[in-house]
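Chemist: Sequence:
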Amino acid sequence: MRHGGAVRVLCVAEKPSVCRGVTEILVGGRLPPSRPGFSNYNPVYDFQCQLRGRNCDVRFTSVSGHLMGIDFPDRFRKWTSCSPEQLFEAPVQKIVNQENNQVNLKRTLQREATTSDWLILWLDCDREGENIAFEVIEVCREVNPRLDIWRARFSAVIPREINQAINNLVRPNENEAMAVDARQEIDLRLGAAFTRFQTLLLQNRFDFEWHEDKGPLLSYGPCQFPTLGFIVERAWAIAAHVAEDFWTIKCCYVEGRQGDPGGREGDQPGLQPGRGRPAPNQAKADFNWRRGRMFDHMAATILYEMCIDAPIATVTKASGRESLKHPPVPLNTLEMQKRGSRYLRLGAEQTLQLAEELYQAGFLSYPRTETDAFPEGTDVMGMVEAQQHHERWGAYVLRMMNDGLYRPPGSGGHNDEAHPPIHPTKCASVQEMGTWPPPKQQVYELVVRHFLACCSIPAVGQSTDVEIDIAGELFSTRGLIVKQRNWLEVYRYESWGGNANLPFFEEGMTFVPSSMFLEQGRTQPPNYLGEAELLSMMDQNGIGTDATMAQHIETMTKRNYATKTEANLFKPTKLGEALLSAYVEMGMVNMWKPVLRAAMEQ
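Oh and the sequence shown: position 325 is 516 in the numbering used here, straight run, nothing missing.
One should not assume that every hint holds.
Stated by the list, open to error - Below are the DSS-like pairs computed for lysine-lysine, each with C-alpha atoms no more than 30 Å apart in a straight line: (1) 631 / 762; (2) 631 / 674; (3) 206 / 762; (4) 529 / 508; (5) 285 / 529; (6) 206 / 516; (7) 765 / 784.
Because the hints were derived from the structure by calculation, they are not lab data.
The model shown is predicted, which means the values in this text are computed figures rather than measured ones.
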């Protein structure tokens, strides 16, 4: 029922959970009763509040992601209806799918829009969200072209962000929405044309079962194939690796033990130390040969024997200095996924999904962001203080506040001008975290610890660099004593240290190494790509966005083009490798090289 003079406002969120969270904040507490929409999962909340200085009757509902899909008209959708190359010029249409829940969401929106004055869009604040916003606009304008349309921009479902958004409404950005439309159309045309081309071509040449409606398909994707390309090229590099023998001089000095000159390569070792191993706390230095490796056995042997014949080591440099290990910069989506893979052994897609659940529940800021620097004026200290009562890291937060461990976070140099870095927005107690699945707990803890670390002063150590000369050959070593762990205390995923028990050295002193010998080794091929390294390569080459990279990896493995081992390493299947090899043979290597997709994204 409309109250006298009140503005009728339709608010639309991207997900039901965000709809509930924003509604609770706007009404100042308890969630009002809901009434059903045509979709069972997307109710409508009715309440009164003041917006833009006006009394408003608000009806708040949601969609469930994209409301529309892009596809070819029916006459092009059957695989036998046209040749694959015709799909590059065939018309496309963006419509509400009549066969799933989208049509019910459309009915709800149009029912509510018919009697509304304003439409306020609470979709996620990224390009994808802007595109969904214009899908909602199109549906609502069909029944009410006079709607006054506004966009709410927020980064977390918390009172501060929501109140700031409602007091600073803006117009939606059609250019961002059109950029998504362009990408969707390119992906549809390329994907459909080359998927049909591959599948139709190979079904007549190889013995595998194929059904147009059920698959299996030999699908092509303009992000999927470059991602596969990185994995296959690494596998080819491993297969092409030819192991080579190399030699290096190993030199060790244990304080209080002088070596016995005169050993040769056949002796074990060349310079014989006293029998027995060093005591646990005995000072020891392992020196690295400046030349590193030599692949000429004769040359390495000659240099080694020169050292054995004149084994007096002269210290040419012995310097000590303070060393700092700086904390990480604030967290963006890509870095969160890489660290989730490296530290938690979680897939990139799973990490992002769990972060989105935490965002929708109000515990984290919006997790799809390229920004790794907090904007000026952000109350970072207030966000730190909010964690002071937590059972696991609250004690460290108190030290940040009282003992000078806090410092403003640094900047990684990236800013998407839409969202701040990922950070905690609410402190979840250990008891509350205990109700979540373990991976969700791990993601929340990673984000909180990373945030606290990036707001802390650097770790402090004392490093010592020593260089020695033996018969004209140079060797070096480094020792490190950590004096103040600082941010490393809360960031338990990383360590810092080195040989903290070097013998005493000063320039000009001489000694005989305790042992020296010529060690033989063999070169090793590179390892298969891990998920963190794969994400970095995709980012460097412009394949996908921070929010879609994980999806491309997931799609590639679902298509059986690559597999993921228990160690989070990717290996191509025979099918994936064969498809890429085929494009090489056809002279169409750019179909899976990253340059084509990077140009499209640009």
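Chemist: Now tell me, hint by hint, if it's right for this structure.
Modeler: Now the hints, each set against the structure:
no., hint, in the structure
1, 631 / 762, "holds (27 Å)"
2, 631 / 674, "violated (34 Å)"
3, 206 / 762, "violated (36 Å)"
4, 529 / 508, "violated (39 Å)"
5, 285 / 529, "violated (34 Å)"
6, 206 / 516, "violated (41 Å)"
7, 765 / 784, "holds (19 Å)"
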